[in-house]
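Kindly produce the complete structure, drawing on both the sequences and the hints.
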Amino acid sequence: MTFAEILEKILSGQNLALLGAALAATLAGIGSAKGVGIVGEASSAMLQEDPSKFGKALLLQALPGTQGIYGLVAAFMIIYKIGLLGDPIELTVAQGSYFLMAALPIALVGLFSGIAQGRVAAAGISLVSKRPAESIKAVTSAALVETYAIFALLVTLLPIFFFQA
Amino acid sequence: MAIVKMKRFSAVTLKKDADSLISSLQLLRCVDLTRPKSLDPESEGMSPEKRDSEMTETKKKLAEASASEEFLAQFLTKGKAPFSQPNEIILSHISGEVLTKCKEANDNTQRIIKELSEKKSALATVKNETAALEPWRDATVELPSSETKNTKSISGAIPSEINPSYPEKQLEDAAAVIEVFAQTDRETYLRLTAHKSDFERAYSTLSELGFIPCPCVVSKKDGYAEGRIKALTDESERLTSDVEKLTAEAVELSKSIDDIKLYCDLLSTELAKLEASERLYSSEKTVLIAGWVPEQSISEVTALLEERGDAYSFEDANPEDDVPVKLSNNAFSSQFEPVIELYSMPAYGSFDPTSIMSAFFFIIFGMMLADVGYGFIMSLFCLLGLKLMKPSGSMKKMLSMFAWCGVSCMIMGVLFGGYFSDAPTSIMQNWFGIEKAPDLALWINPMTDPMAFLVVSIAVGALHLVTALCIKFYVLWASKKRLSAVCDAGSWIVLFVGAGVFLLSKEIGTVLVSVGILMLIFTQGRSQKNIFLKIFKGFASLYDIVGYISDLLSYSRILSLGLASMVIGSVFNILGTMPGFSPIGVIFFFVIFTVGHLMNLAINLLGSFVHTSRLQYIEFFGKFYEDGGRPFEPLTPRSKYVIFK
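Going down the list, the sequences are from chains L and B. For any residue, its number in our numbering is found by taking its place in the first sequence, counting from 1, and adding 123. For any residue, its number in our numbering is found by taking its place in the second sequence, counting from 1, and adding 60.
Warning: the hint list may mix true and false statements.
Restricting the straight-line Cα-Cα distance to at most 25 Å, the calculated cross-link-like pairs of lysine-lysine (DSS-like) are [unchecked claim]:
hint	chain 1	residue 1	chain 2	residue 2
1	L	Lys179	B	Lys67
2	B	Lys456	L	Lys260
3	B	Lys450	L	Lys176
4	B	Lys333	L	Lys179
5	B	Lys540	L	Lys253
6	B	Lys67	B	Lys540
7	B	Lys700	L	Lys176
8	B	Lys120	L	Lys176
9	B	Lys75	B	Lys333
10	B	Lys700	B	Lys163
Simulated from the structure, these hints should not be mistaken for lab results.
Below, the structure is given as structure tokens:
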């Protein structure tokens, strides 16, 4: 089998769509894992001093976790739309790459916004540790980063929703 | 809708009466105490009050009382109710008796804490010693060492990796004996007995192998290790029963935890008073009190001071004074004051935009989270929170604000067709196979007609911006800068209204826009002296149109956030209804539906709040707002657990 033949076998419409789903779940998941990790490290340092602030720390730590969920939602919608959960529909290569491209916004923005949000939230942890009453401001700044992940998810989901087989 | 007018207040009282005056003012809750500035008290032989030692004392007591509260809370027999309503207590009714009772409860708790920790540490010591003696239980030797006329013995342990025969072999030529008493998997317990002349050598041989002498001291009189262990067991039983007794006492005492909570709050209130006292000036016999009082509270303060017979005066604020800012708005708008507080209070004497902002906040928030279901949940939870937790201050306002926002979400949900996103449609399609489900939106469905929704968003934005310019016009006009009002705000208003009218009637619109542009060109360079610069500045001002357009486009976030909450919600609806209509399918649906929509609501609630606020702060306030006001912080009773009336 030549390389070209292998490529031809791999690059089916369905596999391309699956690649999109995989990228959405993986990259956004990595972003969230990194983000949540950064906040977790910062918050354990604070909790050593004052364990009673766990609730506030947890809220900040949960914030960068949403990108992963967005990635999961996008991946799931692709899998659902191409019929992997029921009877699979035949996809042309063009249709498959349609899904792959649709997945890119949440995959990439999820990766970077998750990390960025993690950093903002980790800085927020030090605000909470010094001035617990101001924690809403820390949450607010972290929530601003979230917006772009929401927008990316929107751009990912709309083409998937309006896909015509 | 206004910033409350403040009067500068000062009073002179006798030094011995100062505390009672401050207490009374604290109960009135309407005086923001400051250091007097208008006259220079120090030059008149007055000096700032120093209450450091009392402050330290009260802080210490407060820390103690908080520790008592925390300690007793562990012993509460019935678990703490998640929404416990704080007690309401009338501060002026608290008698010395109540205070004594509270103090007593606190002293008792402190005593128990101290004794309990003593007993527990004694118990730990006993346990350690018992454990250390355990290997020697059967040995009838004195520990750690004993001596006869010619020999010396020492007992201890070596690591179990070392076979006891190894040191024995090394000490073969010495007059030394090693007896092994017990062996655990970590240590071997043995006794070295040697002739005094050889003892040092034998001991050092063992020490090199990691020999540690037994840490306990036991003599023949104690009945060797066994007797000592028995005595220790008795001791530990005694201590354990003491601990139990103390614990029972603590459980009993935890019934009076309310007294301790009251005590904590009384101390906090005392602390607030002391902090306020630091802002007084005193001479040998008199004290000068100064502060700010809202105009409508003057009669209360006057009545108090007349009754006490102190000298006082009220003056108007000078422009250079640092006057605290208090907002006063109607029942609806005042709930939105936290949005302003989160940004910055308006400067004293400037315009309070709360009432206008609250209307826009209400509308824009609703559009960003247009969903009947979400709005209902929000309002329900906020009202429950208000009812059950009885919060005060800005927490209370926040909750009522979100309850109102929930109402807005419900209204917008009906207009734009959000009922837990598209739950009814999904159920109809996936459960009952109805392909053509009816459109639930009364007006526009953003999912199928996002362009129309975008136009509505931008239109709301245009209204918001023109309102901001109108406020700018009003503020400038009211402060007698009429020319600026017409040129800097008026011309833009004409331009924007013209652009709006253009959509209806091209002729009138074009005229208005042209007038606006000409006004800008001719007026924006008026501060320049050079005629060319005048013209240049006038034309350059047209460049600001770009700024206004970017402001306007910023309102497209209403569409983005509104769509996002709908689309993510509809994913959960698809997920939930996918297994079809069957008993298991329905259970699956409820799990996915509840978890998914709650998460979606939480994220989008936060998002909508942040972005609605941002539209107010940057696009709206940016046009006219003067920030930097110091919030009015009257001296009030301070409490954490109870509500002082």
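Checked hints:
Annotation: proposed proximity of L:Lys179 to B:Lys67 is violated, straight-line Cα distance about 40 Å (limit 25 Å). Proximity of B:Lys456 to L:Lys260 is assessed by CA-CA distance (about 18 Å); at most 25 Å being required, the pair is judged to hold. Our distance criterion of 25 Å between C-alpha atoms is met by B:Lys450 and L:Lys176, whose separation comes to about 22 Å. A C-alpha spacing of about 30 Å is found between B:Lys333 and L:Lys179, which places the hinted pair above 25 Å, so the restraint is violated.
Between B:Lys540 and L:Lys253 the CA atoms are separated by roughly 45 Å; this puts the pair beyond 25 Å, and the hint is violated. Restraint check for B:Lys67 and B:Lys540: satisfied, since their Cα atoms lie roughly 24 Å apart, inside the 25 Å limit. Taken as a hint, the B:Lys700 and L:Lys176 pair is honoured in the structure, with Cα atoms around 17 Å apart against an allowance of 25 Å. At roughly 23 Å between alpha-carbon atoms, B:Lys120 and L:Lys176 fall within 25 Å of each other, so this suggested pair holds.
For the hint linking B:Lys75 to B:Lys333, the alpha-carbon distance of about 15 Å falls within 25 Å, and the restraint holds. Of the pairs offered as hints, the one joining B:Lys700 and B:Lys163 holds, with about 18 Å between alpha carbons and a cut-off of 25 Å not exceeded.
Violated hints, listed in ascending order, are 1, 4, 5; each of the other numbered hints is respected by the structure.
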